[in-house]
Amino acid sequence: MFRMLEPLPVAALRRRCDPARLGFASTAEVKGLEAAPGQARAESALAFGIGMRREGYHLFAMGPEGYGRHSLVRARLEVEARRREAPADWCYVYNFDAPHRPRALKLPAGHANGFREAMARLVEELSAALAAAFETDEYRNRHREIETELAERQERALNDLGERARADGIALMRTPSGFGFGPFSKAGDGVMEPDEFGKLEAKEQQRLQESIGRLQKELGDLLHLMPKWRREALDKMRNLDREVTRAAVNSLIEELKAAYAALPRVQEYLERVKQDTLENAAVFRQAKDGEPPTLFGIPLPRPEGAEGPFRRYAVNVLIAQTGAQGAPVVTEDHPSHAALVGRIEHVPQMGALVTDFTLIRAGALHRANGGYLVLDAAKVLTHPYAWEALKRALRARTIDVRSLGQELGILSTVSLEPEPIPLEVKVVLVGERMLYYLLHAWDPEFAELFKVAVDFEEDMPRGADDDALYARLVAGCITREKLRDLDAAAVARVIEQQARDAGDADKLSVRVQGLVDLLREADYWAGIEACATVGAAHVQKAIDAQIARAGRVRERLQEHIVRGTVLIDTAGSRAGQVNGLAVLQLGDFAFGTPRRITARVRLGSGGVVDIERETELGGPIHSKGVLILAGYLAGRYAPSRPLALAASLVFEQQYGGIEGDSASSAELYALLSALAEVPLRQSLGVTGSVNQHGDVQAIGGVNEKVEGFFDLCRARGLSGSEGVLIPAANATHLMLREDVVRAAEEKKFAVYAVRSVDEGVALLTGLPAAEVHARVEARLAEFAEKARAFAAGGRKPWQPEKKK
Amino acid sequence: MAAGEEEVRIRRVVACFAPGRVARPELVAALAREMQAEFLGLFIEDIELLRFASLPFAREIGFPSAELRAFDLAALERQLRAQASALELALAAILGPAAAGWTFRVARASPVNAVEAALAEGHAPALLIPPGGNVRAARRQVKRPELTPAAIKEWLAAGTPVVILPE
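In order, the protein sequences belong to chains A and B. Every position in the first sequence, counted from 1, becomes a number in my numbering once 311 is added. Every position in the second sequence, counted from 1, becomes a number in my numbering once 29 is added.
Looking at chain A on its own, in the form it has when it is part of the complex (with noise of 0.2 Å):
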């Protein structure tokens, strides 16, 4: 009599939370934690990142949605940044010399407001301070005086010149257009009449003649020199009125100098300021909201916001730190490229879109910069530029705002070329691990400057005392969330589903997104029942109600195969035939369901057929299980003969992709059980990999398994007889419902860890397995022979006899 392996201990289904044991009646008497334990790598990964100011060390946090990375990464920026000093206010001024590149003022955090306000001030009193200049009678005068010099020095050349020609008996007439020059009558009483000119002699008409030639070179001349005089004259005038307006403008520029006298690029800009006014005095002169601009008569629209010629002299604050206490942490959910770097707007006016510096705006790098940027991964890359924006500003180390349509060229409208500024930001990148390693592959830019990569944990240790640690990080979640209380038992029960979560007896899971929902609706339901405290019975009503939302598929599926639709047997013996167990993945939702696994042997050249591959609905992990079976078979049964055996294998009743090795130990069940033509129970379920040797190896989803196929047994009624075989290596991750674990108490389930395939052929057949091998090596021993006979008759075993 052989002895057949026992199944699990109960408690060995399902490691329990003793609530005696977390030392609290409720979570109001638990200090709570503000971040979830066990991510000391990413938290010593975040420390060193944070703390390196070096180039280059930009950190990526990576792991999957819901683990709190981006409440840790804020959370820990945030400490760093209170420690630092506020960065520097930037604005953008006015270029007096190049307008199309407006300058980058910086002034001490906090102070941007204040100087934009005292520009715009210095504006309204220089227009009145000049006004009041130009409006004194001693401007007047010395204007005037220049006028009348300029009106008597002409005067006077042509009044002497035409002395000169009357003493040569030649009159200067003024004409609708100019001056000429005539001969005076003999009678002294005007000009000549044409007769009287006729009848002089000819040596007397040759010389008023010749007189008249040298009066008009000499009138040429002199009005050649009038535009000069006029030009000396307009020189004067604006000599006097840059006179006048120094004088008004020295003492208001010079104030606002010396109150931003450690600021040499202030300095030297309020100097251009100075120098801009000088030089257009007048535009302080004319009335501020008088006449518009005008092209052949249409007004033309100023752009919005503007001061017409003011608008020059304004200030455009870009980053203002005012009342900033530390260095910022800049979170930006829509990193867009003109979101990232800053954007420059436009304004249409008489159909053209035009643009100033005043219209330059900030982007999530001026904002952070001198601090922290915390950006979503993902949504960088996938907005169109955005990733190389980034990354041109982080080599650089300058923030440069250019337009989307001027980086590619397909931009006409005539824009500007803001001076840089320069960047001292640390970036954080949070995203999905895949993310990470993809980017580290295709992009040699991305080591060079994301140096540091904050690895998030998904699961922790579940030690003797980390339990109550974890209580600590519920207790934490209820406050922030502002939830009520829970019971101990409720906590306990919240530690257990997390250690499912974590898919692990020995794990708990850190999605704290995931905790967070279940606390909600554990809440939730707590209201509904108007508990002060939510208890263990609203939690595991949480954990139920999830499971019915996202149930309909597993349900409908289960129904098929009650239905006998979808042919699974849960008694009774079969030989070749087993039941598989597969989990499905349907969004955040998995759970596991039975599959009939048959196989079909027969004479033939040694290979193992696996009918999934065949028809291409097997993925290429699941075809390595099929092969490695063949190794098995060859290496155990015909070391030394001709394998000649042709099997085939199939999911029954599988219509899509089939993918993983988990079922090859099943597999290989259903292929001895046809070899040795034995049945197998059909009240087990099995999971579980295998080697050529036959060890069977761990899976995935192991719970899920189990689960799948008691719900299908417990709906045809528990015999006491249905159970799982499990692999060994996957008794620690076993934590099965409650319900499942009272059917094993009961003594109607069992689950069986199984190491070999000798142990699972036993528990499936009910005879030892030797006996089983035997039977099979006898079966290929006759199948070898006959292969011999056919060949020692010239034909292959598997091809037809030819009809004589």
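Simulated from the structure, these hints should not be mistaken for lab results. Treat the hints with care, as some may be off.
Claimed, not checked - Going by beta-carbon spacing under 10 Å, a handful of chain A positions derived as facing chain B:
hint, residue
1, P494
2, L519
3, K528
4, L534
5, M537
6, L664
7, T666
The beta-carbon is built from N, C-alpha and C at its ideal position, and this holds for glycine as well.
With the hints as your guide, set chain B onto chain A.
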């Protein structure tokens, strides 16, 4: 403004215009409206200039272009007609075409004679604005007996406005 002018109410403004020395008509007209005085715009076609244009070798030197060009009587007369017409239109636009109390006249004579005749036909006190004169410049005041051809010639040359007072 001359001292004591406040006491004198100007009843007539005689604004002289000459080719090449046309004061800004809107300023002159505005002054007349301001004074609520009768207005005479007198465009003087200088007889000397016409005689000069008849000379076979007459040339005009443009101002400020300094370009030397032919100058004949027919062309001059066309220019004078055009200037007079433009001036009348400008004045009419400001003073109102139907408004009473203003006239425009073209006089072909020597400037002194034309001004003397214009001043003789009206009532004092009158304001004489010489061609090209500064409307707002300080005004000289004279009494009617001082209204001699020599004096008029001097006023025209100086270009300053003159207020002619009754005896």
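Do the hints match the structure? See the list:
1. P494: Holds, because the Cβ-Cβ distance from P494 of chain A to chain B comes to roughly 8 Å (cut-off 10 Å).
2. L519: holds, 9 Å
3. K528: Since the shortest Cβ distance to chain B is 9 Å, the answer is holds.
4. L534: holds, 4 Å
5. M537: holds, 6 Å
6. L664: Hint violated; L664 of chain A Cβ to chain B Cβ min 41 Å, cut 10 Å.
7. T666: violated, 41 Å
Checked against the numbered hints above, the structure violates hints 6, 7; every other hint is satisfied.
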